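> Generate coordinates for the entire structure from the input sequences, incorporating the hints supplied.
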Amino acid sequence: MNQNVMQSKVDGNTYECHYYPTKEGRYVIMVTFAGQEVPKSPFEVKVGPKKESSIVAYGPGLSSGVIGYPAAFVVETNGETGALGFTVAGPSQAEIECHDNGDGSALVKYHPTAVGEYAVHILCDNEDIPKSPFIAQILPRTDFHPELVKASGPGLEKNGVTINQPTSFTVDPSKAGNAPLDVVVQDVYGTKLPVELKNNPDGTKKVTYTPTSGVPHTVEGWSTLICLLCFYLY
1 MNQNVMQSKV
11 DGNTYECHYY
21 PTKEGRYVIM
31 VTFAGQEVPK
41 SPFEVKVGPK
51 KESSIVAYGP
61 GLSSGVIGYP
71 AAFVVETNGE
81 TGALGFTVAG
91 PSQAEIECHD
101 NGDGSALVKY
111 HPTAVGEYAV
121 HILCDNEDIP
131 KSPFIAQILP
141 RTDFHPELVK
151 ASGPGLEKNG
161 VTINQPTSFT
171 VDPSKAGNAP
181 LDVVVQDVYG
191 TKLPVELKNN
201 PDGTKKVTYT
211 PTSGVPHTVE
221 GWSTLICLLC
231 FYLY
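The opening residue of the sequence shown carries number 1 in full-length UniProt numbering; numbering runs sequentially from there.
One or more of the hints may lead you astray.
As the list claims (entries may be wrong) - Restraint-style ranges between C-beta atoms, simulated for each label pair:
id : residue 1 : residue 2 : range
1  : Gly35     : Ser168    : 21 to 31 Å
2  : Ile163    : Gly35     : 51 to 61 Å
3  : Pro130    : Ser41     : 20 to 30 Å
4  : Asn200    : Val47     : 46 to 56 Å
5  : Asn199    : Asn126    : 18 to 28 Å
6  : Asn200    : Val38     : 46 to 56 Å
7  : Ser152    : Leu193    : 35 to 45 Å
Treat the hints as calculated values from the structure; they're not laboratory data. Predicted model only: the values in this text are computed from it and were never measured. Heads up, the beta-carbon is just placed ideally off N, CA and C, and yes, glycines get one too.
This is the structure we're talking about:
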């Protein structure tokens, strides 16, 4: 059965393709360049029924990473039962660490050792959760030192943050190298909160956000795709 494929150009060397299978079964995907099939083509894909799940995953390790540093993400089961599993497939084997937080969530880290594209599978009872696999681009190591970033303040405390009240914390990246800093705050469902980032006179950064619900939140900071700080507020 032929499927219509929507193709768009991302940049000078990258194309993004979308197709929408309407029936379950085995599909064969052929990718050609200059009239010749590319390596590993044709690709065989097994299409199953749409899986409904309350499990969500988020974090920088699902989209990016750098050799020499762990790529991290969080998985929230949101009350759903089932055996969680993780696999990472790419140019190299990647050791996986999983820390069970004991509250229905888990902090997962994997350690890529080669540059390239990695498929991060998050499984429940041996089936991919929605949006899995996630595709992460692993880049070469840069001259930055995320382990030297310091962060502290009430906005990072597991207790004491109040709903609908602004809270803040301070980040000092001065010893980590000259690179832009990004901070993301999101709740247990993966919803991102607005974040205000201001420069302090002493070179540190003041980060302010306002939690709007009493569910767990995650604070992540990274620079040039290296995770600098990950705080899980439960």
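> Work down the list of hints and note, for each, if the structure agrees.
Status of the hints after comparison with the structure:
Gly35 and Ser168 have their C-beta atoms about 58 Å apart, which leaves the hinted 21 to 31 Å range violated. For Ile163 and Gly35, the hinted distance range of 51 to 61 Å is satisfied, since their beta carbons lie about 60 Å from each other. For Pro130 paired with Ser41, a C-beta distance near 27 Å keeps the hint of 20 to 30 Å intact. Between Asn200 and Val47 the beta carbon distance is about 52 Å. The supplied range of 46 to 56 Å therefore holds.
Remark: the range hint 18 to 28 Å for Asn199 to Asn126 is contradicted by a beta-carbon distance near 48 Å. Look at Asn200 against Val38: about 50 Å separates their beta carbons, and that is inside 46 to 56 Å. A C-beta distance of roughly 20 Å is found between Ser152 and Leu193, which places it outside the suggested range of 35 to 45 Å.
Violated hints, listed in ascending order, are 1, 5, 7; each of the other numbered hints is respected by the structure.
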